[in-house]
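Position in the sequence shown (first residue = 1) + 25 = our numbering.
The set of hints was computed from the structure by calculation and includes no laboratory data. Treat the hints with caution; some may be incorrect.
[What the hints assert, rightly or not] Below, in silico cross-link-like pairs of lysine to any residue (SDA-like), each with a Cα-Cα straight-line distance of 25 Å or less:
no., residue 1, residue 2
1, Lys38, Val474
2, Lys38, Ala243
3, Lys38, Glu83
4, Lys38, His88
5, Lys38, Gly241
6, Lys38, Ser324
7, Lys38, Asp69
[Unchecked claim] Label pairs and their computed distance ranges (CB to CB):
no., residue 1, residue 2, range
8, Leu369, Gly86, 42 to 52 Å
9, Ser285, Leu131, 23 to 33 Å
10, Ala437, Gly457, 17 to 27 Å
11, Gly328, Asp373, 16 to 26 Å
12, Met49, Arg228, 28 to 38 Å
Where a beta carbon is used, it is the ideal one built from N, C-alpha and C, also for glycine.
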Amino acid sequence: MILAVDQGTSSTKATIFDAAGTPMGSVSTPLGQAHPRPGWVEQDAVEILDGVISVLEEMAGQHDVEAVALSTQRESALVWDRATGEPVGPMLGWQDRRTTARVSELADSAPRVRAISGLPLDPMFSALKLQWLLDQVDPDRNRSRRGELAVGTVDSWLVTRLTGEHRIEAGNASRTQLLDLSTGEWSAELCELFDIPAAVLPRVADSDEPTDEISGLAGRRVLAVLGDSHAALYGHGVRAPGALKATYGTGSSVMGLVDSAADVPDGLVGTLAWRLGGRTAIGVEGNILASGATVAWLSRLLGRSVEELTTLARGVPEDHGVVLVPAVAGLGAPHWDPEARAVLVGFDLGTDPAVLARAAIEAIAHQITDVVEAAAAAAPVEAILADGAPAADDFLMQLQADVAGRTVHRPALAGLSARGAAQLAIDTLGGGFTAVESDTFRPQRDNAVARSAWASALNLTRKEN
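My request is simple: use the sequences and hints to build the entire structure.
The structure is reproduced here in structure tokens:
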């Protein structure tokens, strides 16, 4: 039995898998978010840790667990006191945009940052978050240089508190914007640029490097750690270039593999997908900042559940004429414009909640398609491999196929991030999961008109317009 913990933005879920990859039970606990100012997104790292411990203990009490696997949210960042293990500030969520002004200040360094890390200079990545946090608690960096403080992403925080090892998985490390993609180690140049002393950083570990024993779970270790999007890619069975997966969630991630960082097309980013036994797989990725979050916002605004809005959207004709571009935190891939602002185009006094709901769901499909088309400029993309909770909606999946003009394959098994992490853990033990059947959605309508309307609305989000 492999116990996989999927630590996400809105919840922490633990699923137990048998040796064939069949889920045998799961439990989850919700997580809160705070938005103290516009564009600020914070979470409580202790709440996250307590949630992980809770689901671990509950599932380990019900099953004979051989090992643990972790799939985690990625760019979220925090600082903690090395002696006490307690955070010295909030955890800044991956959606947090408080460092947007700093991006402008470092604009001249952006090409060099991308050349080293594979990532565009953007508030989403951890480096600027860590710099901001350290500025609040250690502005002169004296405590940092003395080794009194520690920094990390969610996986690093959890492994540190569960096992006592201050380390970070290589794929998650690549999302900090402090890792040299060519060497797989911390870049002294980037650490200096972002004013992150080396003494606060965790050790970079392989994705399949076993941890020390987990406190409270005698004899059990974490055998696999992956970022959630990386875990989904691994769970889809992608091991070589040629396939592209889309993970639908609060935000969305479209990812595949490339032979080298030189093969990453414009508008997308290079990242370290995983490092197994010292061997590195390079990923190409496009990150979308607001996908499922858009429908959740509309749900709060209208006072109707997400399920109700989805039902309403199904009855709206294709030519309703309303386009919503949810650049609520700027635009991610392939546009990378932190100054972009959300727009709603084509509405009138007859526009009702059903039309708005359909426009919000269409926005998810259009943003995914933007990234897919950017990837297709470098290599053909014939199909999209879909996962994530929103992917369970057949309406969204058919809409995605229609908008992208490509077939969508959705595994019949939910929770692919957890399964991917568990699959890597079982691989380290010499086993292997059986393949998962998929549902298939093929394009049924021409997408030219819808894509043209989307492109026109997208242009209106830009600051110069």
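Results of checking the hints against the structure:
1. Lys38 / Val474: Roughly 40 Å separates the two Cα atoms, so the pair is violated.
2. Lys38 / Ala243: Answer holds: Lys38 to Ala243 is near 21 Å, not above 25 Å.
3. Lys38 / Glu83: Cα-Cα ~11 Å, so holds.
4. Lys38 / His88: Given that 25 Å is the threshold and the Cα spacing comes to 16 Å, the pair holds.
5. Lys38 / Gly241: Roughly 19 Å between the alpha carbons, so the hint for Lys38 and Gly241 holds.
6. Lys38 / Ser324: holds (23 Å)
7. Lys38 / Asp69: holds (17 Å)
8. Leu369 / Gly86: 42 to 52 Å: About 49 Å separates the Cβ atoms of Leu369 and Gly86, which means 42 to 52 Å holds.
9. Ser285 / Leu131: 23 to 33 Å: 26 Å Cβ-Cβ, so the 23 to 33 Å window holds.
10. Ala437 / Gly457: 17 to 27 Å: Taking Cβ atoms as reference, Ala437 and Gly457 lie about 19 Å apart, which means the hint holds.
11. Gly328 / Asp373: 16 to 26 Å: Between Gly328 and Asp373, where Cβ atoms are some 22 Å apart, the hint holds.
12. Met49 / Arg228: 28 to 38 Å: Taking Cβ atoms as reference, Met49 and Arg228 lie about 33 Å apart, which means the hint holds.
When each numbered hint is compared with the structure, a violation occurs for hint 1 only.
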